[in-house]
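Peer 1: Below are the chains, spelled out letter by letter.
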Amino acid sequence: MSADKNAAPVARREAEGRPVLEVRPVLQVRDVSLGFGGVRALTEVSFEVNKGELFSIIGPNGAGKTSMLNCISGRYHPTSGRVLLNGRDVTDLTPNVRATLGLGRTFQNLALFGHMSVLDNIMVGRHHLLRNNAVTGALYWGSGARREELAHRRKVEDIIDFLEIAHIRKAVAGTLPYGLRKRVELARAMAVEPSIILLDEPMAGMNLEEKEDMARYIVDLNEEWGMTVVMIEHDMGVVMDISQRVMVLEFGRKIAEGLPDEVMANERVKVAYLGIDDDEEAAGESAA
Amino acid sequence: MESNLLFQLIVNGVIVGTLYGVVAMCFVLIYKSTQVVNFAQGEFLLIGAWTCWWLVTSMALPFWIAFPLTFVFMLVFGIVLQMVVLRPLIGEPVISVIMVTIGLSIFFQAVMKSIFGVWAQPFPEIFPVKSVNVLGLQVQPAYLMSLVVSVVIMGLFAWFFKYSRMGLAMRATAFNQQVAQSLGISVKNVFAMAWAISAMVSALAGVVVGMVNGVSSALSFFGIKVFPAVIVGGLDSIVGAIIGGLIIGLLENLAEYADGQYLHLGNLYTVAPFYVLVIILMIKPYGLFGTKTIERV
Ligand SMILES: Nc1ncnc2c1ncn2[C@@H]1O[C@H](COP(=O)(O)OP(=O)(O)O)[C@@H](O)[C@H]1O
Ligand SMILES: [Mg+2]
Chain A
2 MSADKNAAPV
12 ARREAEGRPV
22 LEVRPVLQVR
32 DVSLGFGGVR
42 ALTEVSFEVN
52 KGELFSIIGP
62 NGAGKTSMLN
72 CISGRYHPTS
82 GRVLLNGRDV
92 TDLTPNVRAT
102 LGLGRTFQNL
112 ALFGHMSVLD
122 NIMVGRHHLL
132 RNNAVTGALY
142 WGSGARREEL
152 AHRRKVEDII
162 DFLEIAHIRK
172 AVAGTLPYGL
182 RKRVELARAM
192 AVEPSIILLD
202 EPMAGMNLEE
212 KEDMARYIVD
222 LNEEWGMTVV
232 MIEHDMGVVM
242 DISQRVMVLE
252 FGRKIAEGLP
262 DEVMANERVK
272 VAYLGIDDDE
282 EAAGESAA
Chain B
25 MESNLLFQLI
35 VNGVIVGTLY
45 GVVAMCFVLI
55 YKSTQVVNFA
65 QGEFLLIGAW
75 TCWWLVTSMA
85 LPFWIAFPLT
95 FVFMLVFGIV
105 LQMVVLRPLI
115 GEPVISVIMV
125 TIGLSIFFQA
135 VMKSIFGVWA
145 QPFPEIFPVK
155 SVNVLGLQVQ
165 PAYLMSLVVS
175 VVIMGLFAWF
185 FKYSRMGLAM
195 RATAFNQQVA
205 QSLGISVKNV
215 FAMAWAISAM
225 VSALAGVVVG
235 MVNGVSSALS
245 FFGIKVFPAV
255 IVGGLDSIVG
265 AIIGGLIIGL
275 LENLAEYADG
285 QYLHLGNLYT
295 VAPFYVLVII
305 LMIKPYGLFG
315 TKTIERV
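As they're listed, the protein sequences go chains A and B.
Position one of the first sequence corresponds to residue 2 (the working numbering), numbered consecutively onward.
Position one of the second sequence corresponds to residue 25 (the working numbering), numbered consecutively onward.
Fair warning: there could be bad hints in the mix.
Claimed, not checked - Derived CB-CB ranges, DEER-like:
(1) L305/B - G227/A: 54 to 60 angstroms
(2) G38/A - V100/B: 40 to 46 angstroms
(3) L130/A - K154/B: 49 to 55 angstroms
(4) V175/B - G38/A: 50 to 56 angstroms
(5) V173/A - V142/B: 49 to 55 angstroms
(6) G179/B - E224/A: 45 to 51 angstroms
Keep in mind the hints are simulated off the structure, nothing from the lab.
None of these values were measured; they are calculated from a predicted model.
C-beta: ideal position from N, C-alpha, C; glycine also.
Excised from the complex, chain A in its bound form (with noise of 0.2 angstroms):
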């Protein structure tokens, strides 16, 4: 069950002719079960994924998927299972240590840093790689702090290259339009150079240009700076276009994980999320 898991993003990548990853999971959720009083958000779960893998959750509304992010992230408990991260069990740690770990995530809503600019909201995400302080601060000039912002400002700076923001570094961020800010908030997630990030429905609410815009940058991501990346996305086509593998949440269970070829045929799945004219909702969902 395991080897089958680990072996399915390699055996693409070979058949693709892209490099093979080291084969190592960076994320372990391990039974992991969440209530909420009377509401069970989700029943032992588990599941890994592998260095370099992009993973998708999918899985009707209230299907428990934004919980699951947030057992990961730790803005929720699990009442029973383990979480690792880079095989540390994480699972009592607070949501700004597992960050300095190696944890970065944006989330569903709009969460950014409304009344700084785009520059600052990325500089935020840099804070515990950020040695300076108010002392280190004022001696700015005697002490290595400039040297050490000019290479910060290195790294945001491929940051905001790769995500093409840099036309509006400066502006007020809660004054951009919607696809943009989302941007930008993947940018902040990056700055926090992390070795999985967690994307809770990146494209939602988004037209179809940007929509293709997203997915590419998740997809180069992914491929050029080889970030693992778990990603929820309602949006059947994206995630079956990038995603290497998928996992199916229903009322708080997986009904479902392997390639996205594999999910899409699995009749539960059929079932449960594309409903009962799954013929109609699958094509209506490729053809968007």
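For this one, chain A is given, so just place chain B with the ligands on it according to the hints.
Peer 2: This is chain B with the ligands only, laid out in the frame that chain A set:
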């Protein structure tokens, strides 16, 4: 003669107003970063002033050593207060936390009185001259120092929040704690930092006022004057706090002028800011610079 008096009062208003502004800024800092309404803000002035007074008189330290030592003490005091008293209250209803800060205010008052007595104590002369001549006005050097120090503090605040790593983290946390945490910011550290800075800077105001008026529990009255200032400026605006402080400082002194010259009511100086508070609450409840989302319950 009369216009000279008016001018003098305006200068007084600006000087006292910047001090109000500094204390109001400290109050807003705590409110903005930790959502706590701190009724013990005035006691920070009191504790700071007594600490510095004690170092200068009992310990016989020169002022230029005692002053920074007071700062360090208040920094530690702010951090400990946050960790021991306020951190366990995170997530409790707002009203409980308010009751606790009112309790702290009474507690600190009592402790200061039991240690230092109930009488005002003068600061030893720090400056060699009684007054300096500025544009034809006689100004106490402590007032001059107060003005300079306040402006420098405001500049440092602006720099801190715009450029420093911790300042950026504090702004991020004030805006959205969960998002800030997801970016590796420790909200606990930010909270402790907010209380530490607030206690430290308030203490500075306390020392300055203590040097002019003597140190006594009357200093904590500044904590109450802060309310009209922040209500005018808006509870969550640092710039608003400064402007609100200035407005209240000027208003007090102009009220004194109007009272002394024409009205002869006797205490307009003290109550005028609170008339303004009531009026502002009626017509512009979120202040001149505040966010509109603050609810009137
Ligand atoms: N903070 C919360 N408090 C109570 N119930 C919650 C909370 N977060 C999520 N839930 C519940 O958990 C279930 C899963 O929600 P969610 O993870 O947001 O689903 P999805 O992201 O797949 O749409 C829903 O029934 C939702 O109402
Ligand atoms: Mg969701």
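Peer 1: Take the hints in turn and mark each one as holding or not.
Peer 2: Checked hints:
1. Checked against the hint of 54 to 60 angstroms, the C-beta distance between L305/B and G227/A comes to roughly 57 angstroms, which is consistent with it.
2. Roughly 42 angstroms separates the CB atoms of G38/A and V100/B, a value that falls within the hinted 40 to 46 angstroms.
3. Judged by the Cβ atoms, the range 49 to 55 angstroms given for L130/A and K154/B holds: they are separated by roughly 54 angstroms.
4. Distance hint check: the CB atoms of V175/B and G38/A are about 54 angstroms apart, consistent with the given range 50 to 56 angstroms.
5. In this structure, V173/A and V142/B meet the distance hint of 49 to 55 angstroms, their C-beta atoms being roughly 52 angstroms apart.
6. Distance hint for G179/B and E224/A: a CB-CB separation of about 48 angstroms, consistent with the stated range 45 to 51 angstroms.
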